[in-house]
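Here are the chains, one letter per residue:
There are 4 protein chains.
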Amino acid sequence: MEGGPLLGHTHWVTSVAFSPDGRRIVSGSCDTTVRIWDTQVQAMVGVPLLGHTSRVTSVAFSPDGKRVVSGSWDKTVRIWDIAGVLRRHGQW
Amino acid sequence: MEGGPLLGHTHWVTSVAFSPDGRRIVSGSCDTTVRIWDTQVQAMVGVPLLGHTSRVTSVAFSPDGKRVVSGSWDKTVRIWDIAGVLRRHGQW
Amino acid sequence: MEGGPLLGHTHWVTSVAFSPDGRRIVSGSCDTTVRIWDTQVQAMVGVPLLGHTSRVTSVAFSPDGKRVVSGSWDKTVRIWDIAGVLRRHGQW
Amino acid sequence: MEGGPLLGHTHWVTSVAFSPDGRRIVSGSCDTTVRIWDTQVQAMVGVPLLGHTSRVTSVAFSPDGKRVVSGSWDKTVRIWDIAGVLRRHGQW
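Just so you know, the sequences run in chain order P, F, R and D.
Numbered as in the working numbering, the first sequence ends at 92 without a single skipped number.
Numbered as in the working numbering, the second sequence ends at 192 without a single skipped number.
Numbered as in the working numbering, the third sequence ends at 292 without a single skipped number.
Numbered as in the working numbering, the fourth sequence ends at 392 without a single skipped number.
Same shape as in the complex, but just chain P (with noise of 0.2 Å):
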């Protein structure tokens, strides 16, 4: 029916959405990080994204696909190039 649950993440997942062209997944949590996962090989993409200190609270993807905004309790909104992500771990 699925296949096994992505792992990473290691506090409570609180928001999660595709990108607009359903190849990826990006995952907010109480662990303070952002994540990516990528639907095909059904694994996380490069690395955890590290910035905010407190519990991520909503996460969304631009309508182009390449960047990722979240909100947080430490107050802050973040803008991640997630192309750049990608290109850097060869999968953009």
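The reader is advised that the hints may include incorrect statements.
[Claimed, not checked] Calculated lysine-lysine pairs in the DSS-like style (CA-CA distance at most 27 Å, straight line):
1) F:166 <-> P:66
2) D:366 <-> R:266
3) D:366 <-> P:66
4) R:266 <-> F:166
Calculated directly from the structure, the hints in this document are not laboratory data.
Since this is a predicted model, take the numbers as computed values, not measurements.
Use these hints to put chains F, R and D onto chain P, whose structure you have.
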């Protein structure tokens, strides 16, 4: 004004979304399940999607409507092959 | 900068969304109701959508804008025929 | 990997979303404000949108990107004319 409530979840419903074609709804619940509903017959499609071991906080359909993603307090993200679920129930 | 607040809910508003054509807004609340708002006249359309027996946690419009789905702490999902609501009020 | 955090909110950020053209982000916060951010210059656009008297729980852009809706624990829904905000700041 509307049909009766869609019954099945055994704890709070936390997140709902329509499929891109408007024919299905996905819901996530504190009962740890993800469920797919048919908007025409106003009933659950297939069986509850089991796997998460704590409350589901966020659900979303893929842009092609064939998959659903869910995030949970069990620290995992899960991708569900809805097309497969529906095929097995002769509803795709 | 904006009109005044849209008044009606008697407890916290938990979730809001625009209709696909941008003319309506749906809101869900801890007052157990779902409400539809007209963005032009900045007022509620029809009557509060009653049925849920506990707080509404998540609301969304269907892609064709004719229906709304809501999830609630009452363990149910409800599909609302907004076109029908509006017709009865001569607003569709 | 990304610019620095977008600073301004004075309490938890609860909800974030991209505008349909990907140029703006809206955020809602427990500081009662709604804020618009420019993704190019990575800075707030205009001034904080004031009006809510309790935490903002949910925000969304209209399909045309000209308006934002917000829901709050103050029991109200508010529609914000973002085009107007941007015009006054010479950013539309």
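For each hint, the structure was consulted:
1. F:166 <-> P:66: Holds - the C-alpha atoms of residue 66 of chain P and residue 166 of chain F are around 22 Å apart, at most 27 Å.
2. D:366 <-> R:266: 22 Å, holds
3. D:366 <-> P:66: Between residue 366 of chain D and residue 66 of chain P the Cα gap is close to 22 Å, so the pair holds against 27 Å.
4. R:266 <-> F:166: 22 Å, holds
The structure fails none of the hints (numbered hints given earlier).
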